[in-house]
Each structure stands twice: as C-alpha cells, then as structure tokens.
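Residue numbers (the numbering used here), protein chains in the order written: chain W, 1 to 102; chain C, 1001 to 1210.
Quick caveat, the hints were computed from the structure, so don't treat them as lab data.
Please note: incorrect hints may appear among the correct ones.
As the list claims (entries may be wrong) - To give a feel for the contact side, a few chain W residues facing chain C, derived at Cβ under 7 Å: (1) F27; (2) G28; (3) T34; (4) V38; (5) I52; (6) L55; (7) L80.
Beta carbons: idealized from backbone N, C-alpha and C, even for Gly.
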Amino acid sequence: MEYAEAQAGAGAAHEGGTSTKAYFVVFGTLAVLTVIEVLIPTRLGFPKNVQIILLVFLALWKALLVALYYMHLRYEPKRLKWMVIAPFPLAVILVMAVLTEF
Amino acid sequence: MTTHAAALDRGGMDATEVGMGVYNMKLGMWVFLLSEVMFFTSLIGSYIILRSAHPDMFAQPGEVLAVNLTAFNTFLLICSSVTMVLAFAAIERGDQAKLKAWLIATALIGMSFLGVQVYEYIQLSSHGFVPSVEGYSAAGAPLYGSTFYTMTGFHGFHVFVGVLALWYLVIQAFRGKYTVANHGAVEITGLYWHFVDLVWIILFTIVYLI
C-alpha cells in the first residue's frame, strides 16, 4: 500500500488514537515501574526466584506499554499485530530449547 | 486503480483487504524490527543460557555494574520515547515548531544516553572489567565481560544510528519537508526509536537487575 493511500484511507488508526495526556500517563507508569524494578533486587529482599519472576513480569509490562501506545500497535490492523506477535513464541522456543541442554 | 481492479478480478475482494493495511515504509520498518527481535534474542538468549550454565562466572546485581546510574539512563531513554511520540503527534496536527523542538529534544536525550554509557564503559574498564580478560578476579570475566559488552555495545550502536536518523529528520524538518499529509519518515523513525527503548527495557532488567 502506498503512503498517500494509507494516509487517506487507513488514517482511522489515528482518529481514535492516543491522546497527548495518555502519552504522559504511560510515561508516568513506565517511570514508576522502573523505580519498583530497581527496588526489587536492592531493597525489597524477596527470594531470588520471586525476584526473577517479578522483574521479568514488570519488564514485559513496560515493553507492552511502549509497543501498544508509543508504537501505536494498539491501533494498527489485526494482520500487522499478528505479524508482530509471531517471532516471540519462536524466540522463547529458541532460548528454552538451548537452556534445556544444560 | 489497477490494483483495485485486479483484486476484484481475483475474487471480488476489496483492495483495502489486500495486504497488511499499512503503507510500505511502515511495513518495511516493522519487518526490519522483527528481524532485530531475533537478533537481540540471540544475544540476550545466549547470555541467559551461559549464565544458567556458569553462574559462578557472573556477578550479582550491583557487585560490578552501576545499577543506579543505569536506572537513570533507562529513565533518560524513556523520556526520549515520550519526546519522540510527541514529535509525531505534533506533525500529525501540522505543528512544525513543536515537531522540530521535540525531535531536537529526542536527539539530545539520545546523545546523553550514549554519553552516560560511554562514561560507564570508561569506569568499568578502569576497574579492569573489559570484554575479555583471562583470570580477572571479580565475577569471572571473560564470560561476564564479553556478554555484557556485546549486548550493551550492540544496543548502543543501535542508539547511535537512531541519533543520526533523528538529526537527519531535524534537518529535513527545518527544510519544511514534513506535513500533515507526508510525515511517514517521522513515524517510521519513531518506530525504530521506540524499539531501541523497548530493547533497553529488557536488557536493563536482565543484565543489571537479575
């Protein structure tokens, strides 16, 4: 699809898109989650396994916020969303398959 | 028109149903970013696997690496993501002045991130933590050193390329190249820049905190 065609027709993705206020709300959330992430291994004293689970969860949450709102993936066509999701199971399989060798 | 007619000939599908529904530059950038996902997966995945296999050769959080400084650096990169998306929002409504301002802010913050990273590298190497040194006593480089510098070095290189692209956008913006109807380059550079931030979010967690 050419750019002009997309701007004329598929611009609906931005009509219901993210407002400036929402960008700052996401920024605030990312900042708070980063602070919590730093506190987990340095101050909160959880067992190592719990730390890992919490940190990975928080990192994925932050990554999802960036992808959905800053990269506007939330408002893109479904086909593109599926295309973006596709490598992640492959990446997990790649790491887990080799990890089980040890 | 030709595409639309051909699509109807192929079975009555509307032309807008053909393809991914986004313009070519954006689709190209997304495909490139997905290849980068596999690239960084190979680096981060290798780190995870090597660390699982040889935990004695890696330090605990804060023992070697400066967590607080890098947390500040992470915050800087998140700020740059905000300024980038505000630049995009500005040109979407035709605000040329804000576009230029936010693009410059993004580029400057990106350069600050690189500056802090270079400072960190200098500090680490002055304490003997370099990419590969046999017999380094603290936390057993070469594995730790080589994996750390490879991952963060490649990410830093991506940030550097992003900064160059941002300055190009700034120059083009001052030339009046971007309008409401034509700002694809701003959007796809934004996608790249947010991806760089996203990778750092993962890297910071896995390398510095776990």
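- Hint validity - W/L80 Cβ closer than 7 Å to any chain C Cβ: Hint holds; W/L80 Cβ to chain C Cβ min 5 Å, cut 7 Å.
Go through the hint on W/I52 and say holds or violated, using the shortest Cβ distance to chain C against 7 Å. At about 6 Å, which falls below the 7 Å cut-off, the nearest Cβ of chain C leaves the hint on W/I52 intact, so it holds.
Against chain C, is W/G28 within 7 Å by beta-carbon distance?
10 Å, violated
(request) For the hint on W/T34, just tell me whether its beta-carbon gets within less than 7 Å of chain C. (result) 6 Å, holds
Satisfaction of the W/F27 interface hint, Cβ to chain C closer than 7 Å:
Holds, because the Cβ-Cβ distance from W/F27 to chain C comes to roughly 5 Å (cut-off 7 Å).
Closest C-beta approach of W/L55 to chain C relative to 7 Å, hint status: 5 Å, holds
TODO: Under 7 Å, Cβ to Cβ, is where W/V38 needs to be relative to chain C, so tell me if that hint holds or is violated.
DONE: Result: holds, 5 Å to nearest chain C Cβ.
Consistency with the previously given hints fails for number 2 only.
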